[in-house]
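These protein sequences, in sequence, are chains A and B. With my numbering as the guide, the letters of the first sequence map in order to residues 1 to 94. With my numbering as the guide, the letters of the second sequence map in order to residues 1 to 620.
It cannot be assumed that every hint is accurate.
Unchecked claim - Result set (DSBU-like, lysine-lysine): computed pairs, CA atoms no more than 30 Å apart in a straight line: (1) B:374 / A:50; (2) B:281 / A:81; (3) A:81 / A:48; (4) B:602 / B:590; (5) B:246 / A:48; (6) B:374 / B:577; (7) A:53 / B:590; (8) B:518 / B:554; (9) B:281 / A:50; (10) B:220 / B:577; (11) A:56 / B:518; (12) A:50 / B:471; (13) A:56 / B:312.
Simulated from the structure, these hints should not be mistaken for laboratory data.
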Amino acid sequence: MRVRVRIMAPLYFGLDSVDQISLDLNLEDGSTVEDVMNILNTIHPGFKDKVIKNGKVLDMHDILVNGRSIDFLDGLRTRLKDGDSILVVSPFGG
Amino acid sequence: MNGFIPMATFRVARIDLGTEKVTEEVFKDDVLRRFLGGRGLGSYLALKEIPRGIDPLSPSNRLYIFAGPLSAMVNLSTSRVTVVTKSPLTGSLTHANAGGNFAYWLRKSGYDGIIIEGAAEDPVYVVVKDGDVAIRPAGHLWGKWTGASIKAILRENGFPEEEKAAGVAVVGPAGENLSKIAGIRMSDYERFAGRGGVGAVMGSKRLKGILVWGTRDLLKDVKDRAKFIAESTKLAQRLMSGPTAKALHIYGTNLLTAVINSMGAYPIRNFETAYAEETDKLTGEYIKKNYVVETHACMMCPIACTQHVMVKAGPYKFVGKAKYEYENTWALGATLGLFDPEADLRLQKLANELGFDTISLGNTLATAIELARKGKLKLDVNWGDAGALIDLVIRAANRSDVGDDLAEGDYRLALKYGDPSAFKGSRGQGLPAYDPRGLKGFALSYFTANRGGDHLEAYSPTWEVLGVPEKVDPLCETPECIEKQARIVVYAQHLMALADSVTYCKFATLDREGIFEKDLAHLFNMAYDWDATPEEMLTIGERIFNVERLFHVKEGKWVKDELNPHFRNPIPTGPAKGHSSAKMFDEGIKIYYKLRGWVDGKPTYDTLKRLGLEEFQYLL
Ligand code: SF4
Numbered sequence: 001m002r003v004r005v006r007i008m009a010p011l012y013f014g015l016d017s018v019d020q021i022s023l024d025l026n027l028e029d030g031s032t033v034e035d036v037m038n039i040l041n042t043i044h045p046g047f048k049d050k051v052i053k054n055g056k057v058l059d060m061h062d063i064l065v066n067g068r069s070i071d072f073l074d075g076l077r078t079r080l081k082d083g084d085s086i087l088v089v090s091p092f093g094g
Numbered sequence: 001m002n003g004f005i006p007m008a009t010f011r012v013a014r015i016d017l018g019t020e021k022v023t024e025e026v027f028k029d030d031v032l033r034r035f036l037g038g039r040g041l042g043s044y045l046a047l048k049e050i051p052r053g054i055d056p057l058s059p060s061n062r063l064y065i066f067a068g069p070l071s072a073m074v075n076l077s078t079s080r081v082t083v084v085t086k087s088p089l090t091g092s093l094t095h096a097n098a099g100g101n102f103a104y105w106l107r108k109s110g111y112d113g114i115i116i117e118g119a120a121e122d123p124v125y126v127v128v129k130d131g132d133v134a135i136r137p138a139g140h141l142w143g144k145w146t147g148a149s150i151k152a153i154l155r156e157n158g159f160p161e162e163e164k165a166a167g168v169a170v171v172g173p174a175g176e177n178l179s180k181i182a183g184i185r186m187s188d189y190e191r192f193a194g195r196g197g198v199g200a201v202m203g204s205k206r207l208k209g210i211l212v213w214g215t216r217d218l219l220k221d222v223k224d225r226a227k228f229i230a231e232s233t234k235l236a237q238r239l240m241s242g243p244t245a246k247a248l249h250i251y252g253t254n255l256l257t258a259v260i261n262s263m264g265a266y267p268i269r270n271f272e273t274a275y276a277e278e279t280d281k282l283t284g285e286y287i288k289k290n291y292v293v294e295t296h297a298c299m300m301c302p303i304a305c306t307q308h309v310m311v312k313a314g315p316y317k318f319v320g321k322a323k324y325e326y327e328n329t330w331a332l333g334a335t336l337g338l339f340d341p342e343a344d345l346r347l348q349k350l351a352n353e354l355g356f357d358t359i360s361l362g363n364t365l366a367t368a369i370e371l372a373r374k375g376k377l378k379l380d381v382n383w384g385d386a387g388a389l390i391d392l393v394i395r396a397a398n399r400s401d402v403g404d405d406l407a408e409g410d411y412r413l414a415l416k417y418g419d420p421s422a423f424k425g426s427r428g429q430g431l432p433a434y435d436p437r438g439l440k441g442f443a444l445s446y447f448t449a450n451r452g453g454d455h456l457e458a459y460s461p462t463w464e465v466l467g468v469p470e471k472v473d474p475l476c477e478t479p480e481c482i483e484k485q486a487r488i489v490v491y492a493q494h495l496m497a498l499a500d501s502v503t504y505c506k507f508a509t510l511d512r513e514g515i516f517e518k519d520l521a522h523l524f525n526m527a528y529d530w531d532a533t534p535e536e537m538l539t540i541g542e543r544i545f546n547v548e549r550l551f552h553v554k555e556g557k558w559v560k561d562e563l564n565p566h567f568r569n570p571i572p573t574g575p576a577k578g579h580s581s582a583k584m585f586d587e588g589i590k591i592y593y594k595l596r597g598w599v600d601g602k603p604t605y606d607t608l609k610r611l612g613l614e615e616f617q618y619l620l
């Protein structure tokens, strides 16, 4: 299956891009949000630690799957399906 | 302490532009401990002083331009100023808050607040320097855009033409021509007291601008200066250790476009739906990469969230830099079906120069397009038509032909052309950049907001996304979620009323490491030897919120909270498809009224008594 992943505010996460990072990933069936974070961590070493600590998304950070916070789905174990859209959310204000 | 008794004092210059009489009033602990300054003291005085039923654009209206008792004293985003008046847009009380350096220089000038009464015969501006107030002719500045006006006022008063040199507030052509959606621009730079048409009130008084400057020692009345500085520095360090401060500093407010659109709560084409595929180039990340030229800070703010942009080439290039924000980008972009960032930024620059409230300007243009598409308004404009929109903004500022209708704002426009459903707001003011069907906290906070159409009286993404103070699912409608939403909205309304009255920036309340009632009590106790508790601070917020509601009661306007019927319809597309605001509002408002001690939007006698507001019981 194929999912689209976007990382908001890359500079905030210490990544070398001003604009959002967007990539399409081919995943095995049954993959979870955590699997996606592991893949992102191989592409951007250290990235996972900027978002997840002790198996949980950091306070005031979030990961959305199709617009829903994984806090209200199955957390990092949320299973993905073909065509899902994932957004790694930085803190913000407005 | 050599007999020195620390005490909060709040000095106000009351300036009658009709008689040119200036009087000084000093408020002390007895009043300040009940209302603080800013929005709180302004609303209290407005309720007492502004006669019922007056035309907001008549000389009998008053403009309260107030800093607060801690403004510009500590590096905690405290250079904020609030303008309170009877709104020409909503016909009842409004408050509008601006950052920049005006509050700082106002307090340095020797005053903590300015009240403008009456109206001048010919255009004037006011200069306050170290306690001296002068009224100067401004006929030569009338008609000038806001940026040029600020420069001219600085130059004429011996300052370099740099906005950091002194505090300057001005209106542009929109305010001069009494557009009900005009704001007041403040230095430094393109900061606005935007909402409620406060610029039209200033224009109706033929007041082009106000310059404030001085050398007063703002820590003079503080009990223990060294301790106060040390403790507030610790708070600033804590604030800066939080992640929201860091993200805001790097990208500014417009990180929100990606989050809110992804959640399906980003209003598109006048709230027709709440998600669009084509928003990539409106995001804070894209604009940072392509157009941001510098990051700026309001005075006394360690966060420094402000992003200045330039568009240097192409059909939408403009001269100089513009301050841009998430709200403006939405109001002059997505809600107009416009997704070209350069056209959007050009419209933002134009709105700032002409002196509009960008949110209401966007609401009005979106309403006009909706009316035109329905064949109700004869106008050749469509979604995303940047050229036509630029033309309409100029016309609105000058009130030329259809611009005369646009200058009246979205609410009146929809009514005049026979389609109230084209108005997407509350209490006569259009809504900002969040659809209350996809972030259901806003179903309660928007429609209970005293000034109408407002996201900043209680900002629900704080708890619905950031999880502060606790995370609530933005789409949940169980009885537990509705109860939680009502409770947090009430709390947030009190905290935000405090922020606008202390004064400090609401962006310091987004983070778990932010500045809350406990810290405020600590700061006031240290500064002025109060013995306030965090609960007492929140009660001050509650008192202020009730005073504002009493203004509506006095006017017999907007008392009962009502959900705009549009938001009973489900969102047609996107991630929050199928969701509406109906259940959250209908169920939540009952809990909300119970928590407040209100009946049908009106405080009861017992509530007034509990808050020490018996002096207003005659209004019940
Ligand atoms: S956080 Fe931003 S808007 Fe608030 S005071 Fe600081 S610079 Fe101004």
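Hint-by-hint comparison with the structure:
Between residue 374 of chain B and residue 50 of chain A the CA atoms are separated by roughly 49 Å; this puts the pair beyond 30 Å, and the hint is violated. Distance check on the hinted pair: residue 281 of chain B and residue 81 of chain A sit about 27 Å apart at the alpha-carbon level, within 30 Å; holds. Taken as a hint, the residue 81 of chain A and residue 48 of chain A pair is honoured in the structure, with Cα atoms around 21 Å apart against an allowance of 30 Å. Restraint check: the Cα-Cα separation between residue 602 of chain B and residue 590 of chain B comes to about 13 Å, which is no more than 30 Å; the hinted pair holds.
Between residue 246 of chain B and residue 48 of chain A, the direct Cα distance comes to roughly 18 Å. Compliance with the 30 Å bound is thereby established for this hinted pair. For the hint linking residue 374 of chain B to residue 577 of chain B, the alpha-carbon distance of about 24 Å falls within 30 Å, and the restraint holds. Using a Cα cut-off of 30 Å, the hinted pair residue 53 of chain A and residue 590 of chain B is violated, with the two alpha carbons roughly 40 Å apart. The straight-line distance between the Cα atoms of residue 518 of chain B and residue 554 of chain B is roughly 33 Å, outside the 30 Å bound, and the hint therefore fails.
As the CA atoms of residue 281 of chain B and residue 50 of chain A are separated by approximately 26 Å, the hinted pair is consistent with the 30 Å bound. The suggested pairing of residue 220 of chain B with residue 577 of chain B is violated, with an alpha-carbon distance near 57 Å, which exceeds 30 Å. Between residue 56 of chain A and residue 518 of chain B the alpha-carbon distance is near 29 Å, which keeps this suggested pair within the 30 Å criterion. A threshold of 30 Å between alpha carbons decides the hint, and for residue 50 of chain A with residue 471 of chain B the separation of about 20 Å falls inside it, so the pair holds.
Between residue 56 of chain A and residue 312 of chain B the alpha-carbon distance is near 44 Å, which puts this suggested pair outside the 30 Å criterion.
In this structure, the earlier hints numbered 1, 7, 8, 10 and 13 are contradicted, and the remaining ones agree with it.
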